[in-house]
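2 protein chains.
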Amino acid sequence: MFDTVTVVGVGLIGGSFGLVLKERKLAKKVIGISRSKESIEAALRLGLIDETLELSQAVAKSDLIYVAIPVDATVTVVGEIMDMISGNQIVADAGSTKYALCNSINGHPMRRRFVATHPMWGTEFSGPEAATRDSFAGRSCVICEREQCEEDALLTIEEIYKTLGMHLVYMDAASHDMHAAYVSHIAHITSFALANTVLEKEKEEDAIFELAGGGFESTVRLAKSSPAMWAPVFMQNRENVLDVLNEHISQLKKFKSCLEKENNDYLWELMVNANKIKRIIK
Amino acid sequence: MFDTVTVVGVGLIGGSFGLVLKERKLAKKVIGISRSKESIEAALRLGLIDETLELSQAVAKSDLIYVAIPVDATVTVVGEIMDMISGNQIVADAGSTKYALCNSINGHPMRRRFVATHPMWGTEFSGPEAATRDSFAGRSCVICEREQCEEDALLTIEEIYKTLGMHLVYMDAASHDMHAAYVSHIAHITSFALANTVLEKEKEEDAIFELAGGGFESTVRLAKSSPAMWAPVFMQNRENVLDVLNEHISQLKKFKSCLEKENNDYLWELMVNANKIKRIIK
Numbered sequence: 005m006f007d008t009v010t011v012v013g014v015g016l017i018g019g020s021f022g023l024v025l026k027e028r029k030l031a032k033k034v035i036g037i038s039r040s041k042e043s044i045e046a047a048l049r050l051g052l053i054d055e056t057l058e059l060s061q062a063v064a065k066s067d068l069i070y071v072a073i074p075v076d077a078t079v080t081v082v083g084e085i086m087d088m089i090s091g092n093q094i095v096a097d098a099g100s101t102k103y104a105l106c107n108s109i110n111g112h113p114m115r116r117r118f119v120a121t122h123p124m125w126g127t128e129f130s131g132p133e134a135a136t137r138d139s140f141a142g143r144s145c146v147i148c149e150r151e152q153c154e155e156d157a158l159l160t161i162e163e164i165y166k167t168l169g170m171h172l173v174y175m176d177a178a179s180h181d182m183h184a185a186y187v188s189h190i191a192h193i194t195s196f197a198l199a200n201t202v203l204e205k206e207k208e209e210d211a212i213f214e215l216a217g218g219g220f221e222s223t224v225r226l227a228k229s230s231p232a233m234w235a236p237v238f239m240q241n242r243e244n245v246l247d248v249l250n251e252h253i254s255q256l257k258k259f260k261s262c263l264e265k266e267n268n269d270y271l272w273e274l275m276v277n278a279n280k281i282k283r284i285i286k
Numbered sequence: 005m006f007d008t009v010t011v012v013g014v015g016l017i018g019g020s021f022g023l024v025l026k027e028r029k030l031a032k033k034v035i036g037i038s039r040s041k042e043s044i045e046a047a048l049r050l051g052l053i054d055e056t057l058e059l060s061q062a063v064a065k066s067d068l069i070y071v072a073i074p075v076d077a078t079v080t081v082v083g084e085i086m087d088m089i090s091g092n093q094i095v096a097d098a099g100s101t102k103y104a105l106c107n108s109i110n111g112h113p114m115r116r117r118f119v120a121t122h123p124m125w126g127t128e129f130s131g132p133e134a135a136t137r138d139s140f141a142g143r144s145c146v147i148c149e150r151e152q153c154e155e156d157a158l159l160t161i162e163e164i165y166k167t168l169g170m171h172l173v174y175m176d177a178a179s180h181d182m183h184a185a186y187v188s189h190i191a192h193i194t195s196f197a198l199a200n201t202v203l204e205k206e207k208e209e210d211a212i213f214e215l216a217g218g219g220f221e222s223t224v225r226l227a228k229s230s231p232a233m234w235a236p237v238f239m240q241n242r243e244n245v246l247d248v249l250n251e252h253i254s255q256l257k258k259f260k261s262c263l264e265k266e267n268n269d270y271l272w273e274l275m276v277n278a279n280k281i282k283r284i285i286k
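Quick mapping for you: the protein sequence lines, in order, are chains Y and E.
Each number in our numbering corresponds to the 1-based position in the first sequence with 4 added.
Each number in our numbering corresponds to the 1-based position in the second sequence with 4 added.
Do not rely on the hints blindly, as some may be mistaken.
If chains are identical, the list can't say which one is meant, so a pair holds when it fits in one copy or spans any two.
Said to hold, decoys possible - SDA-like cross-link-like pairs, simulated, lysine to any residue; straight-line CA separation at most 25 angstroms:
id: 1; residue 1: 26; residue 2: 110
id: 2; residue 1: 228; residue 2: 149
id: 3; residue 1: 166; residue 2: 253
id: 4; residue 1: 286; residue 2: 217
id: 5; residue 1: 260; residue 2: 272
id: 6; residue 1: 282; residue 2: 125
id: 7; residue 1: 257; residue 2: 225
Calculated directly from the structure, the hints in this document are not laboratory data.
Okay, chain Y solo, but in the shape it has when bound (with noise of 0.2 angstroms):
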């Protein structure tokens, strides 16, 4: 158990965490930091976290120190981060890239004392309002570079994930950056894309409200997912992203082309092996 763990970012994933470390008594002390002061008001009042302070001030109470905010402040303010901590305080993130962040700290005196996860989960709401307690049960979490961990670090770290029912996963950052764009981020473009597609085609909006019923709803999802939190995600990850992202424009253009030249065995073939993705997600 920690005395003192110090979130940085008090929206869905820090909220979340902070929430679940008080209630499992996991944490005696939560500080919570956030650039918003309506966002440390809403943790505050929604019990995600006990109180706040200056990040070096947090920082030198804290044991553990929990990064959750986008992946392009994350690399500056882990390195910030590191700067400020001893030999017996952890830092982890929780960032949906990893290549980035673990290529800036590599060779950093501290290294040893970083720990870089990506819990598999998240909803399109974002803010500690979106915070829940039962959050990261059942989903994975990807932990990079754990050689590069101090034994005692690593270990606290897939102690809280496991606690926390999540199933772990290791990866070299690069690896990670490309699966991820392969299932996770491709996903979030083309539910965007979507949501771009039927405001521009369809202006009733009635229609999409009372047709969505009709398998919109759970494809456009998504897009309700915050720019702040996902830009930066794709513009880290670009290469990647754009690779998956040729590749699915390329798949759409074959639907096309059935269409046009009225191919229907293609057309067939096509959802045939669409369907093969029952085999993996039930």
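On the provided structure of chain Y, position chain E as indicated by the hints.
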């Protein structure tokens, strides 16, 4: 209350329709029809239907004949049924396209006994096992060309859907198909294409399984849908689907261009615009 109803097609929609008619005592007897012996056996076992007969025998005994099969077969079968009925029977369908069907029976002497409907719900599952008792409630049902229906036929069908908890929406058939392409059909195409994209790029199935928590699952859900059901929808509605598919490809290319040119401002603009979908879909 009906004495006897025939459902042609005992899958997700037809099977659920039979089940709710029986459970709510809206029909004394439900006759089920399917080309598949296995489907009929399952529908009998699951209590979705009471018996099966040849189509002509079933029609002869029924107050209402409800057709819920792929939209290409619907055109043929509804035509056959219309030739069999008398002036006090009612025929309705549940297909995802309406224009080709309505067009095909225009001028039929029994046209006014037919009600073209599209209950806007569905899941990615198909067959009798997918039928559920709570399936229609809270969703919209589109009724097309109501002015073509005799009043008693229209009122009866409206009454059933209202009893099932559906919200009725009225459109002409061409408008229905356009709106359905924009809101429902494109979502299925993007989901099928996304599954193919990920299956093509991500050769490590474990990675798909473990990282799917990152948003992939909901976006790819519809890719599990039945080609037998959806290929005819896309083909029958190909002009509208192509129109919106072209727009979708161009929206994806905007994201691609942002990433290629590292144009963060435009990327934000696209995402902020997509967020507007929150106004319409909660």
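Evaluated hints:
1. 26 to 110: For residue 26 and residue 110, neither the intra-copy (32 angstroms) nor the inter-copy (67 angstroms) Cα distance is at most 25 angstroms.
2. 228 to 149: neither (32 angstroms within a copy, 35 angstroms between copies)
3. 166 to 253: Neither way: residue 166 and residue 253 sit 38 angstroms apart in one copy and 41 angstroms across, limit 25 angstroms.
4. 286 to 217: Answer is both; intra-copy 21 angstroms and inter-copy 12 angstroms each pass.
5. 260 to 272: within (13 angstroms within a copy, 28 angstroms between copies)
6. 282 to 125: Classified as both; 20 angstroms inside a copy, 20 angstroms across copies.
7. 257 to 225: both (23 angstroms within a copy, 20 angstroms between copies)
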